[in-house]
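Engineer: Residues per chain are reported as follows:
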Amino acid sequence: MSPRHSFFNRCLMAIPLLLLLPLLTFWLMHLMPGNYFDQLRLNPQISRATVEQYEKLYHLNEPVLIQYVYWLKQLARLDFGYSFAYKQPVLDILVSRLGNTVLLTGFSFAWAWILAVFLGLLAARYPRSIFNRLLDGIAYAALSMPNFFLCLILLHLAAAWGGLPLGGMRSVDYEALSASGKVLDILSHLAIPSFVLGIGIFSFLFRLMRAQAQEVYERDFVLYLRAWRIPGYKILFKHVARNAINPLITLLGMQLPALVSGAALVEIFTGWPGLGQVMLQAVRAQDLFLVMGNMVMVSALLVLGNFLSDILLVIVDPRIRSGKGGAS
Amino acid sequence: MKRGFLFGVAILFLGGLTLATAFADRVAPYDPNLENRAQALHPPTPLHFWDEKGEFHKRPFVYATQMGYEANMLRTYSQVLKKKCFLRRGRHAPLGVQAPGKLYILGTDSRGRDIFSRILYGARTSLSIGILGAFVSVAFGFLVGALAGYFGGWIDHLLMRVAEFFIMMPALYLLLALRGALPPTLDSFQVYLLIVLILSAIGWGGVARVIRGMVLSLRERDFVLAARVLGRRTPEILFRHILPHTYGYLAVIVSISIPGYIFGESFLSVLGLGIQEPAISWGNLLTESLSYSVVRFHPWVLFPGLFIFLTAFCLNIIGDALKASQSPEDKLKENV
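Quick note, the sequences are listed as chains A and B, same order. Numbering that gives the first Met the number 0 numbers the first residue of the first sequence as 0 and each following residue consecutively. Numbering that gives the first Met the number 0 numbers the first residue of the second sequence as 0 and each following residue consecutively.
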């Protein structure tokens, strides 16, 4: 499969995701008994007519498919609608949250990925060392630990010992801090969520990288390089790394949905103001357009991430660029 | 050798847990819903062999406890040294202690219910969600993957696009939306089934993809050709000759995907979106650990989480051991 063909395929794949997922969500939200305006209906000071007027305004009295079409039309104008609970355009809320989610996910993924590649290579080089065993144990433990539980424990520890903030993203005095103080403040808030999110990714990628590197290590070219007295670190970090790294990049795209879900979970438990946290609030408040907008944002994020990993793979692996062999 | 030892321990733990869960009404020292309000948030009772004078007793015993308050109105339980309550068969359970004493192996929760008993009963929900979810998703993914891989062509194309669609779904968002969509009047059993359904709807895609890859390469082998030449029919070739080669992978994937289902259930339940109170699950046992002040002074409310962790740990070990036991040929394919 040529890279252009595969790229085109990916684009096609994105369309049903971007269209069907919102439809599914729409339908689910419709299944929910009542809507946001039921709260208004309970208020004796608001007349029935007002509520009905509102419902008409947002087409909530129509069948699901019609609502969906209305919503799509809106979306085509990049209008995500209006959040009932926040009394604000959905786009404004989401844009401010999107950055936070991307920051959390990106930061966690970055440290986990880099560390996994580096330590995975070393562990493959020294499989019998204590260092490898230790990392193995950590990876096992992290894979077996439910994320939310790890979050809880770390937050409780932070509460007992102090040192790290207990959730949120900025301190109260954030605006008064200097530029470097602001960065430090956000980093300290980022510590727990990104540790929880990253450690799971790290364990998974570390084990994969180690297995890959071990396999590459047994190939003949390593022996050849050794015979040429190429220094060990060069063999490891240049030649073995280049050959072993492919699945870690392909998996970047495949892992993304799990990553985004994981981020939502961590956000909910640590109060990180991201998309996942908004989603929970919006679902609970039946804030229809906010839920829909959120779903679109997340799907767009996934599609984008997949593209990036495809492009990255082409950059890293020359075999794929020429369209011959390699991982498809 | 060390791996083998760990594997044995894992099997023993899971086997023991499963048995204890299955016979929870015989094993649990107390009724899980029995509220002993006078002994709320009681710490785990230690078993003693030596009494306060240093005398050894063949039969372990616990001290009866008495509630008191500290200066800041914190409840404390002090041991009444005169009251030794020896271990004996409980009324329902093999373990119990003599009258005034209570055997709270892992302490009690804020309504005075025995946490250990609740964990055993909760395991019924949590373990079965894990096992059921894993089996449903693996069975479905297996079927789809096998069909796609064997028939190829447009069937393969269509099925794989659908699978990819499900793989790409942001599971948690969907879970939240879906759970939000359900009327709160659903009873626990319906919620239980729904959780299984939602979780496995998300999980089958990955399995289908791997199985398809394996079948794709298996169907080109000579033994398949031989079967075809002998005039065997397609279903027979598929199910008798090709698919048994994938069972090793299936065993691995079942054991390593069970934790994910248990996590999913407990996550939803902790947030109050999953299994609700009168029913017990590991997730809703942990709702109490959300409160900082409870955990600070009563850390034993975290024990259900330890059970989740240990179960997942054992399953991961078993999964790895199963993976390692496969032939190298099969192992290579798995990396696809």
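Mixed in with the good hints there might be a few duds.
Label pairs and their in silico Cβ distance ranges [unchecked claim]: (1) 71/B to 136/A: 33 to 41 Å; (2) 172/A to 39/B: 55 to 63 Å; (3) 152/B to 52/A: 53 to 61 Å; (4) 8/B to 71/A: 53 to 61 Å; (5) 303/A to 152/B: 49 to 57 Å; (6) 105/A to 138/B: 30 to 38 Å.
Taking lysine to aspartate or glutamate pairs in the EDC-like style, the calculated list, with each CA pair at most 20 Å apart, reads [to be verified]: (7) 86/A to 135/A; (8) 322/B to 54/A; (9) 233/A to 214/A; (10) 72/A to 54/A; (11) 101/B to 163/B; (12) 322/B to 309/A.
Example chain B residues on the side facing chain A (calculated, C-beta under 8 Å, incomplete) [what the hints assert, rightly or not]: (13) 127; (14) 265; (15) 295.
No lab work stands behind these hints: they were computed from the structure. Note that the coordinates shown come from a computational prediction; the quantities given were computed from them, not determined experimentally. Each residue gets a CB set at the ideal place from its N, CA and C atoms; glycine is no exception.
Engineer: Confirm or reject each hint.
Structural biologist: We went through each hint and held it up to the structure:
no., hint, in the structure
1, 71/B to 136/A: 33 to 41 Å, "holds (40 Å)"
2, 172/A to 39/B: 55 to 63 Å, "violated (39 Å)"
3, 152/B to 52/A: 53 to 61 Å, "holds (55 Å)"
4, 8/B to 71/A: 53 to 61 Å, "holds (56 Å)"
5, 303/A to 152/B: 49 to 57 Å, "violated (31 Å)"
6, 105/A to 138/B: 30 to 38 Å, "holds (37 Å)"
7, 86/A to 135/A, "violated (50 Å)"
8, 322/B to 54/A, "violated (56 Å)"
9, 233/A to 214/A, "holds (17 Å)"
10, 72/A to 54/A, "holds (18 Å)"
11, 101/B to 163/B, "violated (54 Å)"
12, 322/B to 309/A, "violated (29 Å)"
13, 127, "violated (17 Å)"
14, 265, "holds (6 Å)"
15, 295, "holds (6 Å)"
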